[in-house]
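Asks: Those protein sequences? They're chains A and B, same order as listed.
Each step along the first sequence adds one to the number in this note's numbering, with nothing skipped, and position 105 is 105.
Each step along the second sequence adds one to the number in this note's numbering, with nothing skipped, and position 34 is 34.
The set of hints was computed from the structure by calculation and includes no laboratory data.
Backbone N, C-alpha and C fix where the C-beta goes; we use that ideal spot for every residue, glycine too.
One should not assume that every hint holds.
Unchecked claim - No farther apart than 25 Å at their CA atoms in a straight line, the calculated lysine to any residue pairs in the SDA-like style are these:
#1 B:K57 with A:K58
#2 B:K57 with B:R44
#3 A:K58 with B:E1
#4 A:K102 with B:K18
#5 B:K69 with B:S80
#6 A:K58 with B:K69
#7 B:K65 with B:T15
#8 A:K102 with B:N28
#9 A:K58 with B:Q3
#10 A:K58 with A:P12
#11 A:K49 with B:T15
#12 B:K57 with A:N99
#13 A:K102 with B:G98
#14 A:K102 with B:G40
#15 B:K18 with B:S80
#16 A:K58 with A:V11
#17 A:K49 with A:K69
Stated by the list, open to error - FRET-style restraints, in silico, Cβ to Cβ:
#18 B:Y10 with A:G53: 34 to 44 Å
#19 A:S26 with B:V14: 35 to 45 Å
#20 B:R44 with A:P12: 45 to 55 Å
#21 B:N51 with A:K58: 25 to 35 Å
#22 B:K65 with A:H82: 38 to 48 Å
#23 B:G40 with A:S54: 29 to 39 Å
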Amino acid sequence: AQSVTQLDSQVPVFEEAPVELRCNYSSSVSVYLFWYVQYPNQGLQLLLKYLSGSTLVKGINGFEAEFNKSQTSFHLRKPSVHISDTAEYFCAVRANAGNNRKLIWGLGTSLAVNP
Amino acid sequence: EAQVTQNPRYLITVTGKKLTVTCSQNMNHEYMSWYRQDPGLGLRQIYYSMNVEVTDKGDVPEGYKVSRKEKRNFPLILESPSPNQTSLYFCASSFTGGSEAFFGQGTRLTVV
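Looking at chain B on its own, in the form it has when it is part of the complex (with noise of 0.2 Å):
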């Protein structure tokens, strides 16, 4: 079955406790995205990928990492969070970029 997995699905950590999110991709995608969601503020994207090795800052980069060392892998890295990172993460995949066709789960995190 194609699909994106994230995990965890649920996370609270405090502030200054390094975490990684991580997503993976059964499909071959080349072009792999993060994202948050945050009421009234919609879908805004952290970071994406349009092949191994290859990565790019989106709307809202500070405060995150990623590496993109396999095509199926792009974990989210999160070195020292904060309580405004507490937010809905989505990662998504497709074969080209900006047409994100297969979304993970989500990932919830609180920052406390």
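Next comes chain A alone, as it looks inside the complex (with noise of 0.2 Å):
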């Protein structure tokens, strides 16, 4: 079975500043990773994956992460982030292989960019 923990419920951060939210697993077998975007009022928007190859994934919106396996971890990161990233990001993993490909979620980072 897997599990996922982000780190911090709540990140602040200035306007221009860089950001780092944490993702750390837990799985028996390989995993892929995922971080979703959910702005205020809205769905849920895939903003990266992990499924195999490069470790530094890029995503939308100036996006990155990184795939630690001996870390177990998959933080995401953005160099100078804008107001408009205020949102809720959440952290995914599943099994890469089986026939349980059923998504395990974290609670979820509220990051919240300040003027």
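From the two separate chains plus the hints, produce the assembled complex.
Replies: Structure representation (structure tokens):
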């Protein structure tokens, strides 16, 4: 079975500052990893995903994440945030083989970008 | 435009009155799923469907029904809603399971 821990429930940051949203996972098998964003009063949107290959994954809106297998982490980063990045961010994981394709979700990190 | 469409966006109903939340996708996705989102509990999967006429329970299926008679539609049915089903509901779809690519805008349901 897999589990996901988003280490910060809230992250306040000033506009144009860098940000890192932390995600750790546990799994006895190899995994696929995902980050989603939920803007206020909207559905979730896939930001980026790691399936295989390069451990540095680039997504939409200038976000990137690095898969670290030894640390079992998949932290999301952006070098300079905008007010419009204020949203809830969810990390998710699933096994990359077998019949169990269910996504396991973290509880979310609320990013608040202040002017 | 690729999208998942849920209706209604907001619904207030009374305990026991059957309701259906519709979900439709225009991307020919085989996989569709329903989630509920509650404060402090995150996203929990209710039901999912791998293809037409193939549905299965997620983590919290009690009190809900689904059907998948056509590829594009995956309605969520609450036959006797109760106040503990007050929540924000999302429908999602993708070509394959476990990588939900598109989400609907959500349906905020209040059961009084």
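Asks: Please go over all the hints and tell whether each is borne out by the structure.
Replies: Evaluated hints:
no.: 1; hint: B:K57 with A:K58; verdict: violated, 33 Å
no.: 2; hint: B:K57 with B:R44; verdict: holds, 11 Å
no.: 3; hint: A:K58 with B:E1; verdict: holds, 23 Å
no.: 4; hint: A:K102 with B:K18; verdict: violated, 28 Å
no.: 5; hint: B:K69 with B:S80; verdict: holds, 22 Å
no.: 6; hint: A:K58 with B:K69; verdict: violated, 37 Å
no.: 7; hint: B:K65 with B:T15; verdict: holds, 16 Å
no.: 8; hint: A:K102 with B:N28; verdict: holds, 20 Å
no.: 9; hint: A:K58 with B:Q3; verdict: holds, 23 Å
no.: 10; hint: A:K58 with A:P12; verdict: holds, 23 Å
no.: 11; hint: A:K49 with B:T15; verdict: violated, 40 Å
no.: 12; hint: B:K57 with A:N99; verdict: holds, 14 Å
no.: 13; hint: A:K102 with B:G98; verdict: holds, 5 Å
no.: 14; hint: A:K102 with B:G40; verdict: holds, 20 Å
no.: 15; hint: B:K18 with B:S80; verdict: holds, 5 Å
no.: 16; hint: A:K58 with A:V11; verdict: holds, 21 Å
no.: 17; hint: A:K49 with A:K69; verdict: holds, 15 Å
no.: 18; hint: B:Y10 with A:G53: 34 to 44 Å; verdict: holds, 42 Å
no.: 19; hint: A:S26 with B:V14: 35 to 45 Å; verdict: holds, 43 Å
no.: 20; hint: B:R44 with A:P12: 45 to 55 Å; verdict: violated, 27 Å
no.: 21; hint: B:N51 with A:K58: 25 to 35 Å; verdict: holds, 32 Å
no.: 22; hint: B:K65 with A:H82: 38 to 48 Å; verdict: holds, 42 Å
no.: 23; hint: B:G40 with A:S54: 29 to 39 Å; verdict: holds, 35 Å
Of the hints listed earlier, those the structure fails to meet are numbers 1, 4, 6, 11, 20, in rising order.
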